[in-house]
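Given the structure of chain A, go ahead and fit chains B, C and D onto it with the hints provided.
Heads up: the sequence lines are chains A, B, C and D, in that order.
Each residue of the first sequence is one higher than the last, beginning at -10 in my numbering.
Each residue of the second sequence is one higher than the last, beginning at -10 in my numbering.
Each residue of the third sequence is one higher than the last, beginning at -10 in my numbering.
Each residue of the fourth sequence is one higher than the last, beginning at -10 in my numbering.
It is possible that some hints are incorrect.
For identical chains, the list gives no copy identity; a pair is met inside one copy or between any two copies.
Stated by the list, open to error - The list that follows gives simulated cross-link-like pairs (lysine-lysine, DSBU-like), each with its CA atoms no further than 30 Å apart:
1. K189 <-> K159
2. K184 <-> K159
3. K184 <-> K160
4. K11 <-> K184
5. K234 <-> K22
6. K189 <-> K160
7. K14 <-> K189
8. K22 <-> K184
9. K11 <-> K160
10. K160 <-> K95
11. K189 <-> K234
12. K14 <-> K95
13. K184 <-> K95
14. K189 <-> K11
15. K14 <-> K184
16. K159 <-> K234
It should be emphasised that the hints constitute simulated quantities derived from the structure, not laboratory data.
One-letter residues, chain by chain:
4 protein chains.
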Amino acid sequence: MIAQETERFILVRMAIKIAGVKNIKLPITVVQKDGNHQDTVATINLLVRLPAVLQPDCIATFTAVLNRHIERISVEDFPGLLADVCASFSAESARIDMRFPYYLEKTAPVSGTRSLMEYQCIFSGGVGADDGFLLTVKVPVTTLCPCSREISEVGAHNQRAEVTLSARFKKMIWAEDLIALVEQCASCELFALLKRPDEKYVTETAFRNPMFVEDVVRKVAQLTLENPLVTWFSVGVESYESIHKHSAYAYVDSGDISVKNGHVTGMGG
Amino acid sequence: MIAQETERFILVRMAIKIAGVKNIKLPITVVQKDGNHQDTVATINLLVRLPAVLQPDCIATFTAVLNRHIERISVEDFPGLLADVCASFSAESARIDMRFPYYLEKTAPVSGTRSLMEYQCIFSGGVGADDGFLLTVKVPVTTLCPCSREISEVGAHNQRAEVTLSARFKKMIWAEDLIALVEQCASCELFALLKRPDEKYVTETAFRNPMFVEDVVRKVAQLTLENPLVTWFSVGVESYESIHKHSAYAYVDSGDISVKNGHVTGMGG
Amino acid sequence: MIAQETERFILVRMAIKIAGVKNIKLPITVVQKDGNHQDTVATINLLVRLPAVLQPDCIATFTAVLNRHIERISVEDFPGLLADVCASFSAESARIDMRFPYYLEKTAPVSGTRSLMEYQCIFSGGVGADDGFLLTVKVPVTTLCPCSREISEVGAHNQRAEVTLSARFKKMIWAEDLIALVEQCASCELFALLKRPDEKYVTETAFRNPMFVEDVVRKVAQLTLENPLVTWFSVGVESYESIHKHSAYAYVDSGDISVKNGHVTGMGG
Amino acid sequence: MIAQETERFILVRMAIKIAGVKNIKLPITVVQKDGNHQDTVATINLLVRLPAVLQPDCIATFTAVLNRHIERISVEDFPGLLADVCASFSAESARIDMRFPYYLEKTAPVSGTRSLMEYQCIFSGGVGADDGFLLTVKVPVTTLCPCSREISEVGAHNQRAEVTLSARFKKMIWAEDLIALVEQCASCELFALLKRPDEKYVTETAFRNPMFVEDVVRKVAQLTLENPLVTWFSVGVESYESIHKHSAYAYVDSGDISVKNGHVTGMGG
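Isolated chain A (complex conformation):
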């Protein structure tokens, strides 16, 4: 058994760079744009980049840090949590991913009926070498196929799609802002609750606004480019095709786009 012990001893001296915990699930309280607080449930990953080995009590340490912050999570407060993690671990850098369902009240377009709509938010952030905060929202929308509408005498196939928009920014942006941006960019936005006149509106709006996944990506990219606070972004759209069993997908990130004199030239055909 000595052999193995020695081997482990040697291995320990070659510090692994990234270690941590995955899939910690905890209730958290998120600060909304309107100042109210929302209680939800987060799945949390913590990865720290270490100068040396991870101490055995790392999970206890991390949980203690988390407990100091879970009652007030927001884009604004997240850097404080990260700094606290780094200090507690003497880590070179740390990265946290916190994914949670996020609910916003929406108003149906004609009847005005209110309902809660569920989105997914991810706060990803690092300090040190993994610097920078990344805010991601996942927004369900409808896409209606332009090709299908053009070639068919009646109707056009449409389906649920999901838009994933991630952004880095120099000044505070709210998840609410990114969600609102995305919901302008599809054939139609979704609602949790629709009465008949609303269903008519949604159906007709989608039909009059046919978009491929590429079109949705392009429109989201365009609107995000116009936001001077955003320093980097990516947008992906997956459409669960109603006439197939697979998905259509499109993606772009701001690194692929050149902007000259305010004109988007790099994206030009």
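Just chains B, C and D, lined up with the frame of chain A:
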């Protein structure tokens, strides 16, 4: 430590009724209706109802049995596998669930282009107290909303849906037969590969054939009732609504339906 | 197009028995045993058994009902929600499944460190033909293999397992009670947060308390049988074997067990 | 409706960079290292980077290309598939991800019993700007906690873990080679089928070879570094802790490691 040992000894004498293994994954060869063989990958659960305790080598025993059968799996051959399991375990009864993707070649409706379409099949069977073979197919289809079509000036929302049909029968039925039955019962069937004239056909067919999930369930139930070989069935339809984030769902099983003189009366409004 | 319309008309007259919505996700507030309230996030299915067809605005109706109740969900309050659903739908019967993560504070066995542990709870209930409330808890535990311990000179393989206990009862039972019952029945219970002396305790406790999945099922069954409030129960245990890629599984429900004069005889070997 | 049309026209001119299809599922035949062929089922994503817009028939085109290749997939043949995709799309570059379960026969360590073990393989490859082939294997193993063993009088907690090793290389490497490499690096490897003497061997081997996730990562990294054909790699290990509900995780990629004169110095503590 004596206390625990004694406790375990007592507990062992109260035989647990059902024990087994879950999530064994193995390549299998399935016999098709056309006589050809199809190689696929199955997820297998085995549960045995035992008179006494499960022997320690149960997984080894089960795997040995499985290995004798995996090169030729079919509705016809499944009872042989079950009998072999029961004999090997001296079990009162045994139950196996074998779930696998199953591929059928389909021909696009206008262009005639061929492609492989994926379905899910489940062979569930028992011998002894858990007697009877249950064949389940999961078939993706399109549903187009009758309400949306009726109230809207143009278009109608539609989406991918999944039909789950399970059947018991007195004589051999093929998965191919159940799949073909289901594909007649939705707003339109799906294809892996469509050229433009096919997409026009699928779009228009769905528009002309609007169905709620209840309509699909009813039609599948009606056609299944007409098959004299079927002794019991259930059908569920889940529609991934394109204008909402939730699903619409409907279900019926043959126990809910009375048939008198060949007329379906129990389902009547 | 007349043909299809007529067909749909006929089909509509054969009322489907069960229809509803699946995967509605909403924040809810759950009443704890200690009287406090816990905010969490539920995934909700609603199925109603109808005398006739489902009205088009069913989701709007259901959501309105849900909104009247989501701020106070408990075993005690659930029947009120169900009655409200039935009345609103003029349904013969209704069934709701509400699944949510549920958090309880636990105290580490030696250090006394506190942490929140996540469980899954399911409230399933019906009124009318689907009468009866079913409370389900899913509790993660450790199992340590008796066979491995017996045959090995050192160590014994152990792994995470999940116990699913469902119970019907004549008088109020709390999820907290079922969870506490289950946590006594495995090789060792789990904790979200352990310091070194706790880890020593958990390791040694599991080693001194080896159990197959059948043993865990048997012990949970025995303790549940002793609760006079429980009228029916089932218990299943799935162990994610650390030496295999598949799971071991065992299951029993109270229908399989005969109890005579307070003695469990039906389970006898 | 003219407004929308015009908008779409303008948007179309800003070519999206990446588009494609996701979740195409097809049976494929994989060439094994021993020259035999293995039938399995793949989930395939295709993304192409385009100079202009995606043509409407892109899925038909891609499926036609796939069909020319699915009967013979291997590390060796994959570049041919990619080149065919690029040529067919006039794409600047293309990227395919093909994920499939892969089965290898293993021999139990003492009894010599043979069984099929399931792994996950991912072939990811690009031509053009997304140049390079990445081979990924996911290998289930056991980890036994060194800390738990050290502090406990008897036993040590252990659990299933998954190692994900991805590698780029200058000359042909087989999935079989990467899997064999990983299986030397944990507390013990897993088997689909073990008899009692094998279970004793596996239990004792794990106990005598305690490893944190960091230790496994380090050992995999060390062995991979010694392979002169590998030009880049990453290794991540997730351990499904048996005493917690969350996972432990560690990761390193070759970019984090400096090698000087054959000595791994960058990893030094």
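For this session: Taking the numbered hints from earlier one at a time, note which ones the structure violates and give those numbers from smallest to largest.
Result: Result: hints 1, 2, 3, 6 and 16 break, sorted rising.
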